[in-house]
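Could you put the whole structure together from the sequences, leaning on the hints where they help?
There are 2 protein chains.
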Amino acid sequence: MSNLISTTARGPVGVLGGMGPLATADFFRKLVEATPAHRDQDHVPIIIYSVPEHPNLVDALTNNGPSPLPAILRGLGILKRADVQLIVMPCNTVHSWYSEIQDGIDVPVLHIVDAVRDDLLETPVLPERVGLLATEPTLRARIYQDRLAACGIDFVVNPIAEREEFVLKAIKLVKQGHPNQAGLLLECAIQSLLNVGVQSVILACTELPVALASINSRFLDLCIDPTLALARATVAWSLTRPE
Amino acid sequence: MSNLISTTARGPVGVLGGMGPLATADFFRKLVEATPAHRDQDHVPIIIYSVPEHPNLVDALTNNGPSPLPAILRGLGILKRADVQLIVMPCNTVHSWYSEIQDGIDVPVLHIVDAVRDDLLETPVLPERVGLLATEPTLRARIYQDRLAACGIDFVVNPIAEREEFVLKAIKLVKQGHPNQAGLLLECAIQSLLNVGVQSVILACTELPVALASINSRFLDLCIDPTLALARATVAWSLTRPE
Chain B
0 MSNLISTTAR GPVGVLGGMG PLATADFFRK LVEATPAHRD QDHVPIIIYS VPEHPNLVDA
60 LTNNGPSPLP AILRGLGILK RADVQLIVMP CNTVHSWYSE IQDGIDVPVL HIVDAVRDDL
120 LETPVLPERV GLLATEPTLR ARIYQDRLAA CGIDFVVNPI AEREEFVLKA IKLVKQGHPN
180 QAGLLLECAI QSLLNVGVQS VILACTELPV ALASINSRFL DLCIDPTLAL ARATVAWSLT
240 RPE
Chain P
0 MSNLISTTAR GPVGVLGGMG PLATADFFRK LVEATPAHRD QDHVPIIIYS VPEHPNLVDA
60 LTNNGPSPLP AILRGLGILK RADVQLIVMP CNTVHSWYSE IQDGIDVPVL HIVDAVRDDL
120 LETPVLPERV GLLATEPTLR ARIYQDRLAA CGIDFVVNPI AEREEFVLKA IKLVKQGHPN
180 QAGLLLECAI QSLLNVGVQS VILACTELPV ALASINSRFL DLCIDPTLAL ARATVAWSLT
240 RPE
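Protein chains in written order, with numbering that gives the first Met the number 0: chain B, 0 to 242; chain P, 0 to 242.
Hints listed in this document are in silico derivations from the structure and should not be mistaken for laboratory results.
Hints may be right or wrong, so weigh each one.
As the list makes no split between identical chains, a pair holds if one copy fits it or if it spans any two.
Said to hold, decoys possible - For lysine to any residue, the following SDA-like pairs were computed, each having C-alpha atoms within a straight-line distance of at most 20 Å:
#1 168 <-> 35
#2 168 <-> 37
#3 171 <-> 41
#4 168 <-> 38
#5 168 <-> 41
#6 171 <-> 32
#7 168 <-> 138
Here you go:
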């Protein structure tokens, strides 16, 4: 694709979205707001595939449903034909299939946890004890724990009863269009983590920042938002001329 | 594209976006929020092309720059190859080229003013005197005035000095990432329209609802938001089984 008058250095970014759609919209807005722009043409060129025909990710990862990989690879194929130069996925759980996804397309796929790591490494003092709010498969697959192992962070999760009552219910409520109710539940989960001494909380499911923002939560400042980190990393990639 | 488990009745919607990107993101969020959904798979399948390589629309319409039509048709071609079944354009000014765009692709293009008309016709009492905030070419092309002629509405616009000071500056500020400042300017334009007796105001540039929402303007309730109307019309199309 010719990039007639755009000031960004690279070709379009492909967004594999729809997991869920509101989280994808949240990513898009954060991407636009994170871009230094004076006019339309300064913005990151992106093509967003938000076709939520994939089987439920959590069901698949708990052996209760079919794999979403065929639907994901179909989406990647459509983005590839549109000549995208980078893939981003504003969903944490889907990163359980990161290797298969990267193997399925010959353009780089930016890992959401690498984006979080880059943000963390720019903070003056790394937090030592961090809460992790996520779906059960994201916790079990150790997506954050393993990829951030070098940061020496002690990860804390809520007890299972709190995860079910607060976190998993909140994720479902956002997907159903009730982010306010979800935000109130999440605040309970975060308060519980603060009670055991975490300094920061990673909102490791892209539905969660939407929920907290919708109630303008007092906890937002101490949370790490992987959607925002992914947006920043995408802008940084787009503005960097390839070597 | 097979639509494995989606409950929507139609194939994907193509969004020709990037005019500007923040307005496109605003449309996406409104689309998701306007959709009755219990899970990801209930949402409207969409593919968003937000590659802002098009020359400035207003410059083109005032004979001060090249036509954006080649860039627009390139975007439509990419959406068509992704097998979209409907095109929507969350930008009012681009509808100056509506005929050429509809001629350039063999899937229907939903006109933003038709979406506003459908919303208006559902109100208990049609407003008689309505303010129109838009770019100069949108006003001059009579996109709203002609397409809503049957509604018998008396359209009022601000004097040229107010349009330049308040409306055009506000649009530019949103594109530069300053929606709050833009919102304050817009409130001046709306107050002036209220002073001459309008009952309602059409925010006929998709940057404008973003600006007013960002300051949670007291005028939002009396405004008609074409972005929201387009989102609702898109959801309605997607949920209706083809005959």
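**Asked** Between the shortest in-copy and the shortest cross-copy C-alpha distance, which are at most 20 Å for residue 168 and residue 138: within, between, both, or neither?
**Response** Classified as within; 16 Å inside a copy, 48 Å across copies.
**Asked** When no copy is named, should residue 168 and residue 38 be tagged within, between, both, or neither for a Cα gap of at most 20 Å?
**Response** between (40 Å within a copy, 12 Å between copies)
**Message:** Treating 20 Å as the Cα threshold, decide for residue 171 and residue 32: within, between, both or neither.
**Reply:** Classified as between; 15 Å across copies, 27 Å inside a copy.
**Item:** Up to 20 Å CA-CA - residue 41 versus residue 168, copy category
**Value:** Cα proximity of residue 168 and residue 41: across copies only (18 Å, versus 39 Å in one copy).
**Intra- versus inter-subunit Cα pairing at 20 Å for residue 168 with residue 37** = between (41 Å within a copy, 13 Å between copies)
**Prompt:** 20 Å Cα cut-off: does residue 168 pair with residue 35 within a copy, between copies, both or neither?
**Reply:** between (36 Å within a copy, 18 Å between copies)
**Homomeric proximity label, residue 171 with residue 41: Cα distance no greater than 20 Å** = Answer is between; shortest inter-copy Cα gap is 13 Å, intra-copy 36 Å.
Of the numbered hints given earlier, the model fails none.
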